[in-house]
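Use these hints to put chain V onto chain R, whose structure you have.
For the record, the sequence lines run as chains R and V.
Taking my numbering, the leading residue of the first sequence gets 1, the next gets one more, and so forth.
Taking my numbering, the leading residue of the second sequence gets 1, the next gets one more, and so forth.
One thing to keep in mind: the hints can contain errors.
Not close to chain V: a few residues of chain R, all C-beta gaps over 12 angstroms, as computed [stated by the list, open to error]:
hint, residue
1, A47
2, P70
3, W220
Quick list of the computed label-pair ranges, beta carbon to beta carbon [claimed, not checked]:
hint, chain 1, residue 1, chain 2, residue 2, range
4, V, K111, R, G223, 27 to 37 angstroms
5, V, A114, R, G89, 16 to 26 angstroms
6, R, A125, V, D136, 21 to 31 angstroms
7, R, A125, V, K111, 19 to 29 angstroms
8, R, G221, V, E209, 30 to 40 angstroms
Hints in this document: simulated from the structure, not taken from any laboratory.
For every residue, glycine included, the Cβ atom is placed at its ideal position computed from N, Cα and C.
Take a look at the letters that make up each chain.
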Amino acid sequence: MDSPFATAFSLIASGDAALMQIIGLSLRVTLTAVLVACAVGLPLGAALALAAFPGRGAVIVAFNALMGLPPVVAGLVVYLLLSRSGPFGSLALLFTPTAMILAQTLLILPIVVSLTRSVVEDLWAEYREQLRSLGASRLRAAPTLLWDGRVSLLTGVLAGFGRASAEVGAVLIVGGNIAGHTRTMTTAITLETSRGELGLAVALGIILMALTLALNAAAWGAGQWARERLG
Amino acid sequence: MMAARDLARDAAPQILPLRLEGVGYAVRGQPLLHGLSLTIRSGRRLMVMGANGAGKSLFLRLCHGLIEPTAGRRLWASGEARAEAQAMVFQRPVLLRRSVAANLAYPLALKGMAGPERRDTVARTLDRFGLAPLADRPARLLSGGEQQRLALARAWAMRPQALFLDEPCSALDPSATLTIEAMIEGFATEGMTIVMTTHDLGQARRLAEDVAFLHRGRLIEHGPADAFFAGPETPEARAFLAGDLIW
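This is chain V alone, in the form it adopts within the complex:
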């Protein structure tokens, strides 16, 4: 079973790297993102940083395909307009009003996974993330930390090559945050590409391999995390790292 799954995964087209070429996004003529050009490489952990309103969430939605660029091009390596093998975890995940197990099964059914394989995948996902004791509980009645754990497990079960996370820990307490960070690191170890926004500098330092820094809808720094944290090139990023308010 496992071997068959892994084979199927290997056979799936590689969606990364994802290339953005001069991508912009405007609402009613009001530009919110402009001239974004970057390549998201396979198997890396990219933290998207910037002040509130810098366009971090929009950037993620645009990469994931929830919104379409109004300028420039978004190119998946697989040539798909919207890559199939990707998933996203939201700041406040929407869980369906049904059991934990049924929440895990739902997107698998959408993908057309057959009943026996689906049950098998759900069971393995429950085990892997310690959710088995909660399998029959209504998902909406879980604690905030448990809900986000379920949201990450649901994303993992979809076997994405790229996972987008929008401030996944901002509503969580420190211990739940650590659990989520450990899950994300585990995903990365398996080879999953992580693209995540955070305004928590400590978290960014713990998780980042690469950093993209946005300021007022523009990408003003992009590169390896070590270099970014050691010596940011722009005054905006320096101010941000120093904890100043920037506008």
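Chain R extracted, bound-state conformation:
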């Protein structure tokens, strides 16, 4: 029997169709989840930083705590919502990529919200008087602060991407690891390893790590560039 590494490299080198399909789906699910989480989380985090309302502290603590939400629990929640007897059962979304996107969005959202809140709050402390003096209301200040915090916010978005691309519990529960349909890199590694098919598992592992490395390198580079260019 070939070593799993030899198999892995030949799979990658030959651009194996099943392998490419799994990578494509993983990226589609995770990137979509990151986009949705940012679309909701950036304004929500900014609002949480700038608004004063009763119970604000509790909401902040809740979002901080949710950053540690176990992926299997997120999966379970989405499963309960989407299962046939659940409130959204009629949409028949369970075991589809959409369900996986939902579950991963749930995992990423608290990270984006909490980090945005903290970045915007710090900037607001520095900018508050100046922006008020220039004539900006709190509402108008929010997009300004988000834009000025863009370098720091990128780190949070990346952490969210890392969390979603690495997790297996949520996508396994709501996706079901159906070959060619809902099988992602992490669920495939779990399955192939348990079946003793280490070649594909190692190939996916290598690609997953390379991807994470490349993304972090890009984010670091962007941060350095921005610091030099923008101050």
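For chain V alone, kept in the frame of chain R given last:
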């Protein structure tokens, strides 16, 4: 274009004089400013002086409308609660993480100035203050002197009738200080009312037409600068001018 702008400016309500009537400011029952009554007249250069902690910065923030008096009344001639046609320059100006030109455009956009007029105003402001070569540079990477020059230019572009400056030169070297002072004098020549705090006596002598002297949150002297520097009425002001530490 210019004529239209000037017309618009003339049509704007006159916000000065600004009258403070028995104004006080307290935080958690702790009074920091008390019983301030004075009138800030149009077209004058008023230097607000006093020792550290006398309440100079609070006084400026209160006039500008960043904080609200907890006692007494602040009355703009235009009747507005917070006059529109005013601006403030801080000791450490906050510049946005974008280009010099974009920093100038930002408050104009907040005021609702349309795109073409805004670009025109930004271009004229860059030219007028010699900032054109820096237009595309990130504002945060400018030197301290350049940053304060940009902050003053940004305030000027807003066409304020009253400009408040809080120790605008305290973090600058002598040559940058002179540049900023020349800008302030230029603004005054155009008819802008200047209200500025400084702890630099030389600077106060160079720029002041009127002086307000604060001591422990109270206004204890207010009047023409010549008289104040020639013969201050209170022992606190005399001690301050003599360079003594007063408490």
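Requested in this report: State the violated hints by number, sorted upward, taking the hints as numbered earlier in the document.
Outcome: The structure breaks hints 5 and 8; every other hint is satisfied.
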